[in-house]
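Undergrad: Read off the chains here:
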Amino acid sequence: MLNGYDAIVHATVREVLPPSSQTLALAAWEDQSIDPARQPSLRELSRQLCAAAGHTELADRFYAVLLRRFFAQQRAHASPAVEAIKPMPSRQTEASADAAAQPPLFAVMVRSFLAQLHPDGRNGNDTLAGALARAIPDRDRRLTLERWLVRGDAANAPVCGLEQQRAIMHGLYVQACEDVGPVAADNALAHALRQVRADPRAAREPPERWL
Amino acid sequence: MYADRYRLLLPAVLAALLVPGPALATDTDSLRIAVDTVWMITAGILVFFMQAGFALLESGMARAKNTVNVLMKNYTDVCFGSIAFFAVGYGLMFGSNPSGWVGEDHFLLLRGEQLDYGLLFFQTMFAATAATIVSGAMAERTRYRGYIIGSVFIMGLIYPIFGAWAWGSLYDGNGWLKRMGFIDFAGSTVVHSVGAWCALAGVLAVGPRLGRFSSDSRPRHIPGHSLPLVALGGFILWFGWFGFNGGSVAKADASIGLIVLNTHLAAAAGVAGAAFTLLLLRRPLLATMLVNGSIGGLVSITAGAASMSPSFALLTGLIAGAVVIVAGELLLSLRIDDVVGAVPVHGFCGVWGTLAAGLFLDGRLFDPQQMLVQIIGVGAAFLWSFPTAYLLFWAIAKLGGLRCTTHQEQRGLDYTEHYELAYPEFQRQPLHPAIEDAVGDRATQEVRRAERV
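Here the protein sequences come in this chain order: A and B. Using my numbering, the letters of the first sequence correspond one by one to residues 17 to 227. Using my numbering, the letters of the second sequence correspond one by one to residues 48 to 500.
A couple of the hints might just be wrong.
[As the list claims (entries may be wrong)] Have a look at the derived ranges for each label pair, beta carbon to beta carbon: (1) B:F96 - A:A206: 34 to 40 Å; (2) A:D142 - B:L274: 47 to 53 Å; (3) A:D142 - B:P434: 40 to 46 Å; (4) B:L328 - A:D142: 44 to 50 Å; (5) B:F473 - A:A67: 55 to 61 Å; (6) A:E60 - B:L381: 31 to 37 Å; (7) B:L156 - A:N203: 31 to 37 Å; (8) B:T123 - A:D142: 39 to 45 Å; (9) B:L156 - A:R210: 52 to 58 Å; (10) A:P34 - B:H268: 35 to 41 Å.
To be clear, the hints were calculated from the coordinates, so they are not data collected in a lab. Glycine is no exception: its CB is placed at the ideal position from the N, C-alpha and C atoms.
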């Protein structure tokens, strides 16, 4: 039986690739998914599967559809508030369940901010994407960070310095001001701060450092 | 009771009759000058107290994270501006003015006489009022230094030059507007509109606050942090205005009664006018709007407080209340972010009040000749102060000193500009390294430690 991630990849293969090459792509996916620890990024996965199917020109479209399905499923499965941006179950997160049980404090702050801003779960990813676009010029790095912040798997946390974390939080605030207004943005930030301060790890990592 | 009082006064009157005539006249003149001076100084002190009203009103309408910044601007613009007005402004405004355009002497009051000192004090408070109007409009995104530089130029240059046209000179010659018969008793246009047009220029130069308008240009409400401060500020301004208008007679005589009554009635009617307008527009009766309505009424009566009957003062204030609401909506539709509503209150109501002073002039109601002069005065105020102030703020912006960064807007100007918080018990922010040890805040020290690592 397919799990959530499998189902998304299968559906994307069926939507994007020609029927004649779908088998090749799915076989490559089966090879990929044997070792969860070596699972590539969504961008890399798209390239590999399209290359295996002999349609490298479709890699960008494949990636776009994969991302759309990924976030759509997240929203569909999410309950209001914080649940809206909790990581969806995947082979990797299942494999490293313990590590993922405690996402990095910075990711908690970001998710809490977004959850407060978009209690219904909608548009949270748009806000995050907009904020990262402000903070991080490099596209690939931006997408990696976006995926990490959404999925929150501690095992693959990209290196992100304090200045960059500050820039991300500030980008989120500015994006939130433009999307929903400064009052809601201030409230969301205050809520996120309270939530992170309640975490015992905040004694070592005060959340004020990200402001 | 009255018989007793007359019995007590009788010996004094008899004694006065016994002294030689010229000496009596001299004593009476001295007494009159002394009483006039005491009244003018008292009125000046009341006008100075209006600074506290502005500070409370503006800080209450700002968010908590910008409170100290607003207070500091209100506190220090008076200080730097007063020096500028003493050094340059008074001479430009009230010095000998044979050309009718600008005063040419009495800088630094080098040739002052005894009466000049009281007048300079009183007029300095007026100049400070014009400058401080700007701070509320530009609050929450304007850098402290940029604002202070702007206020020095407003008090030292922009305000006095228009003042010279309408009120100059005290010594020799008259301003060209004064010669035309322009009526602006205590400064609806000279003080309030000039301040408001400078504020409008500043607001346009600095731009709206982050997120004030949505992408489809709809305004977003950003409530202030303390309505009690707003209400208290409104009351203090109302209180101080009795000195603002009453002191403008520059002498202690019976005319003060009419002026103070008109002032009070217009303020009360301003609230009523704002409330009626809000009800007509099916809007809630917001406290900030009603307080602004009262100030709009006060601004509007300032021009004609001495020259119209109380019933017309009431009408003037009533219309001013409506002007505050309608002009506020107009600014929002133009995407102009005026935090406290200074431009509708001081600018538009100043214009209305100056026109009303011509319309309802006692004995010459609806005189078209007078109305023409009033319109010329109002137009001249805008054409002088708005472009000059825009140029000033544009130059400050170009030098990088006007608009704060978005990060400063996020953190608040209290922390990023002053390293002080208005409510430290409720606002947990790292403080400046120089004072963090003294404060001993654990979170602050942790952050600094982490940053060092």
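Undergrad: Taking 55 to 61 Å as the hint, is the beta-carbon distance of F473 of chain B and A67 of chain A inside that range?
TA: 57 Å, holds
Undergrad: 39 to 45 Å was suggested as the range; check whether the CB atoms of T123 of chain B and D142 of chain A agree with it.
TA: Cβ of T123 of chain B to Cβ of D142 of chain A: about 43 Å, so the range 39 to 45 Å holds.
Undergrad: Given the hint of 40 to 46 Å, is the C-beta distance from D142 of chain A to P434 of chain B inside that range or not?
TA: 42 Å, holds
Undergrad: Return holds or violated for the Cβ distance of L156 of chain B and N203 of chain A against the range 31 to 37 Å.
TA: 53 Å, violated
Undergrad: Mind checking the hinted window 35 to 41 Å against the Cβ distance between P34 of chain A and H268 of chain B?
TA: The hinted range 35 to 41 Å is violated for P34 of chain A and H268 of chain B, with Cβ atoms some 54 Å apart.
Undergrad: Given the hint of 47 to 53 Å, check if D142 of chain A and L274 of chain B actually sit that far apart at their C-beta atoms.
TA: At 35 Å between Cβs, range violated.
Undergrad: Just to be sure I understand the hint, the distance between the Cβ atoms of F96 of chain B and A206 of chain A should be within 34 to 40 Å; is that true here?
TA: 35 Å, holds
Undergrad: Could you check the hint for me, namely that E60 of chain A and L381 of chain B are 31 to 37 Å apart, CB to CB?
TA: 50 Å, violated
Undergrad: Given the hint of 52 to 58 Å, check if L156 of chain B and R210 of chain A actually sit that far apart at their C-beta atoms.
TA: 57 Å, holds
Undergrad: Verify the CB-CB distance for L328 of chain B and D142 of chain A against the hinted window 44 to 50 Å.
TA: 35 Å, violated
Hint compliance for this structure: hints 2, 4, 6, 7 and 10 are not met, and every other hint is.
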